[in-house]
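Protein chains: 2
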Amino acid sequence: MAIQKKFSLMIPGPTPVPERVLEALGRHPIGHRSKDFQNIVKSTTENLQWLHQTKNEVLTITGSGTAAMEAGIINTLSKGDKVICGENGKFGQRWVKVAEEFGLEVVQINAEWGKALDPEKFKNILENDFNKDIKAVILTHSETSTGVINDLKTISQYIRNHKKALSIIDCVTSIGAFNVPIDEWELDIVASGSQKGYMIPPGLSFISVSEKAWKANELSNLPKFYLDLKSYKKSLLNNSNPFTPSVNLMFALDEALKMMREEGLKNIFQKHERHKRAISEAAKKLNLKLFASEKSLSPSITSIETQNFDAESFRKNINDKYGIQLAGGQDHLKGKIFRVGHLGYINDRDIISVISAIGLTLYERNMVNENDIGQALIEAKKHLEG
Amino acid sequence: MAIQKKFSLMIPGPTPVPERVLEALGRHPIGHRSKDFQNIVKSTTENLQWLHQTKNEVLTITGSGTAAMEAGIINTLSKGDKVICGENGKFGQRWVKVAEEFGLEVVQINAEWGKALDPEKFKNILENDFNKDIKAVILTHSETSTGVINDLKTISQYIRNHKKALSIIDCVTSIGAFNVPIDEWELDIVASGSQKGYMIPPGLSFISVSEKAWKANELSNLPKFYLDLKSYKKSLLNNSNPFTPSVNLMFALDEALKMMREEGLKNIFQKHERHKRAISEAAKKLNLKLFASEKSLSPSITSIETQNFDAESFRKNINDKYGIQLAGGQDHLKGKIFRVGHLGYINDRDIISVISAIGLTLYERNMVNENDIGQALIEAKKHLEG
Chain A
1 MAIQKKFSLM IPGPTPVPER VLEALGRHPI GHRSKDFQNI VKSTTENLQW LHQTKNEVLT
61 ITGSGTAAME AGIINTLSKG DKVICGENGK FGQRWVKVAE EFGLEVVQIN AEWGKALDPE
121 KFKNILENDF NKDIKAVILT HSETSTGVIN DLKTISQYIR NHKKALSIID CVTSIGAFNV
181 PIDEWELDIV ASGSQKGYMI PPGLSFISVS EKAWKANELS NLPKFYLDLK SYKKSLLNNS
241 NPFTPSVNLM FALDEALKMM REEGLKNIFQ KHERHKRAIS EAAKKLNLKL FASEKSLSPS
301 ITSIETQNFD AESFRKNIND KYGIQLAGGQ DHLKGKIFRV GHLGYINDRD IISVISAIGL
361 TLYERNMVNE NDIGQALIEA KKHLEG
Chain B
1 MAIQKKFSLM IPGPTPVPER VLEALGRHPI GHRSKDFQNI VKSTTENLQW LHQTKNEVLT
61 ITGSGTAAME AGIINTLSKG DKVICGENGK FGQRWVKVAE EFGLEVVQIN AEWGKALDPE
121 KFKNILENDF NKDIKAVILT HSETSTGVIN DLKTISQYIR NHKKALSIID CVTSIGAFNV
181 PIDEWELDIV ASGSQKGYMI PPGLSFISVS EKAWKANELS NLPKFYLDLK SYKKSLLNNS
241 NPFTPSVNLM FALDEALKMM REEGLKNIFQ KHERHKRAIS EAAKKLNLKL FASEKSLSPS
301 ITSIETQNFD AESFRKNIND KYGIQLAGGQ DHLKGKIFRV GHLGYINDRD IISVISAIGL
361 TLYERNMVNE NDIGQALIEA KKHLEG
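Residue numbers (this note's numbering), protein chains in the order written: chain A, 1 to 386; chain B, 1 to 386.
Isolated chain A, as found in the complex (with noise of 0.2 Å):
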């Protein structure tokens, strides 16, 4: 069965998962109402809000990022409430559906898939609103589906002059992969999901609150049950949880959080800054484009566009040949690029064997030279000792 095949994730997640993880996973359930249980969410809180660096409570629903996304929306604002969203990609462009779904006025800020949102938008609109009428400025700091990341301090600093504006930002995939100190931008709200910076499966999300935004959430009238955040808060004080959680989930959460703090987050983000930079270097060796913009990549996808090939019956092959799983372009890049998630539980070994394995594949193709592929690995090998 192809379950069992010897394969190597390297998609933006579900992010590869430790032994030490997946046995914990693997154990018998226990009752979710036993003190067993309020250890380990006591436990998972403590180490939750050391790795997002804040004091404020960090929340874990039982859903994907989406949902806490969905979550931080509708229990901070009201329908009619005018917020900005930043959309340079397929995300920033799920959250401007959300925020319309339930009402909200939009304000965009866009910018090209592949190249970082203008902090100065966010600016200029945002110091123009002398009746402070905006409430949110909602946006993805990394874009899973280009590989661009976002400048959310400067942005942060610009929401926190205007002073009323809640920031929502989706930080599904930079949380445990590049420093975001929440309580330093002051960042209102953060969601993130399990099965990326995080090292364990899909299957839990994780929302983090400001003050601020509780303050706001005393304001808002959108309809909620499953998502109402106060409910969670409230069962938080007793190390508990509203709804039924996932209890096996939340085993695995445990034991990937304690790796987290033996790792530390120092170590945790040099590692992913120095994959990055193997891997965009190494691409531009074997004579690759990339497809975000140098300044503003991800420390977690890497997205290379495929000019002259396409770009799925090439990371088909790399699955077939060497077993490693690549992702695609989304909607009108399908095709265009291909994206290599380098995101949680990945070594050097992984992006040396994926630069060889993408190597390889382009050496079949008359594309590179054996002198290219040597130097791809020697230029990652320069950049994985950092």
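Treat the hints with care, since some could be wrong.
Since the list gives no way to pick one copy over another, a pair counts as held whenever it fits inside one copy or between any two copies.
What the hints assert, rightly or not - Below, computed lysine-lysine pairings styled on BS3-like, alpha-carbon distance capped at 30 Å: (1) Lys284 x Lys234; (2) Lys121 x Lys97; (3) Lys316 x Lys35; (4) Lys97 x Lys35; (5) Lys233 x Lys258; (6) Lys42 x Lys336; (7) Lys132 x Lys121; (8) Lys285 x Lys132; (9) Lys79 x Lys233; (10) Lys55 x Lys163; (11) Lys79 x Lys163; (12) Lys316 x Lys381; (13) Lys258 x Lys42; (14) Lys230 x Lys334; (15) Lys90 x Lys132; (16) Lys35 x Lys336; (17) Lys295 x Lys230; (18) Lys35 x Lys321; (19) Lys381 x Lys164; (20) Lys42 x Lys316; (21) Lys42 x Lys321; (22) Lys6 x Lys42; (23) Lys381 x Lys123; (24) Lys234 x Lys334; (25) Lys97 x Lys233.
Derived from the structure by calculation, the hints contain no laboratory data.
Mind docking chain B on chain A? Use the hints.
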């Protein structure tokens, strides 16, 4: 560590998980857009339709049973719609709250906790609804909080006679334990959760949706995104999901459903019936009082009223001495009842061990003698052998 303790879960969820299923759960995740994963979605969907006895779509949501029930309500109804909610326990109460949160006009049909809902009350209201104002009847089949099973067969007949109203049914602790022939009873929405009869950990919920419910969906104006069932239906055509699904729980589900098909529906239902009888009849031999009406005993949970002692310290003793986890009473029933879950992967040994443990704990308190214990076990044996 307590998690590693040799214990037996006899709460009404999470329920015990077979080794085969835990092994599947602990596999390395695969890409959720891969062909291998599409095969799993296809196979689980077919087997869910078999288990649910329906040709309707059975959609899988990453979330708890509450998420599935909320989805059923917000996808078929509109603000101001009039609905009947049956309420005879904590879950019935919850659906009233959900319906009110989304602005529905709720007519409650109540019964004392521990008693079944009276089908004739549904008949009266539905038959007198000459203007066909009632858009849906919402109720809980097996009330987990009390151990009562409502007479869904009769009530569903009255809903069908009304012709307009949809049935939206919480079958969280009845599917996989009791015969719920969805197509034969023409149930429109049936919601359930993975940690119950399905023999897998919590984290997934299921919802079957009839043709009539999809028609109602076209008129529904309540806002939704993560729980928008149309997007799940559309993705299912491609054996896929609108959002990243809980991949590892899907591995577990696939394995558990295969085990259920090997066992067969008739055997599954008979096993639950035998276990229910064995426990309830043995309890009487131990001079214990059943909390639920004898004619409405749930096949999944037996609630026992502790008339002259504290239920909480009693179940703590059983947990500490014998490693059997039982559930307590909720809300005003706390301390007054304990609940024995016998749902899912439970065998005859589990049943005789819990009866022995209850018997010995009563003996320690001078509430029964050796003869009572022996009689209780012999009575159980009679029912176990059917």
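Comparing the hints with the structure gives:
1. Lys284 x Lys234: neither (51 Å within a copy, 39 Å between copies)
2. Lys121 x Lys97: within (21 Å within a copy, 43 Å between copies)
3. Lys316 x Lys35: Classified as between; 12 Å across copies, 48 Å inside a copy.
4. Lys97 x Lys35: Between copies only: 28 Å across, 41 Å inside.
5. Lys233 x Lys258: within (23 Å within a copy, 38 Å between copies)
6. Lys42 x Lys336: between (45 Å within a copy, 29 Å between copies)
7. Lys132 x Lys121: within (17 Å within a copy, 53 Å between copies)
8. Lys285 x Lys132: neither (50 Å within a copy, 71 Å between copies)
9. Lys79 x Lys233: both (23 Å within a copy, 27 Å between copies)
10. Lys55 x Lys163: within (20 Å within a copy, 54 Å between copies)
11. Lys79 x Lys163: Answer is within; shortest intra-copy Cα gap is 21 Å, inter-copy 35 Å.
12. Lys316 x Lys381: within (26 Å within a copy, 59 Å between copies)
13. Lys258 x Lys42: The answer is within: 13 Å in one copy meets 30 Å, while 36 Å across copies does not.
14. Lys230 x Lys334: Between. Shortest inter-copy distance 24 Å satisfies the 30 Å Cα cut-off; intra-copy 40 Å does not.
15. Lys90 x Lys132: within (29 Å within a copy, 43 Å between copies)
16. Lys35 x Lys336: Cα proximity of Lys35 and Lys336: across copies only (21 Å, versus 52 Å in one copy).
17. Lys295 x Lys230: neither (39 Å within a copy, 39 Å between copies)
18. Lys35 x Lys321: Between copies only: 16 Å across chains, 49 Å inside a chain, cut-off 30 Å.
19. Lys381 x Lys164: For Lys381 and Lys164, the Cα distance exceeds 30 Å both inside one copy (47 Å) and across copies (69 Å).
20. Lys42 x Lys316: This pair counts as between: shortest inter-copy Cα distance 22 Å, intra-copy 43 Å.
21. Lys42 x Lys321: Between. Shortest inter-copy distance 26 Å satisfies the 30 Å Cα cut-off; intra-copy 45 Å does not.
22. Lys6 x Lys42: between (36 Å within a copy, 23 Å between copies)
23. Lys381 x Lys123: neither (40 Å within a copy, 76 Å between copies)
24. Lys234 x Lys334: between (44 Å within a copy, 20 Å between copies)
25. Lys97 x Lys233: both (27 Å within a copy, 18 Å between copies)
The structure fails hints 1, 8, 17, 19, 23 (numbered hints given earlier, in ascending order).
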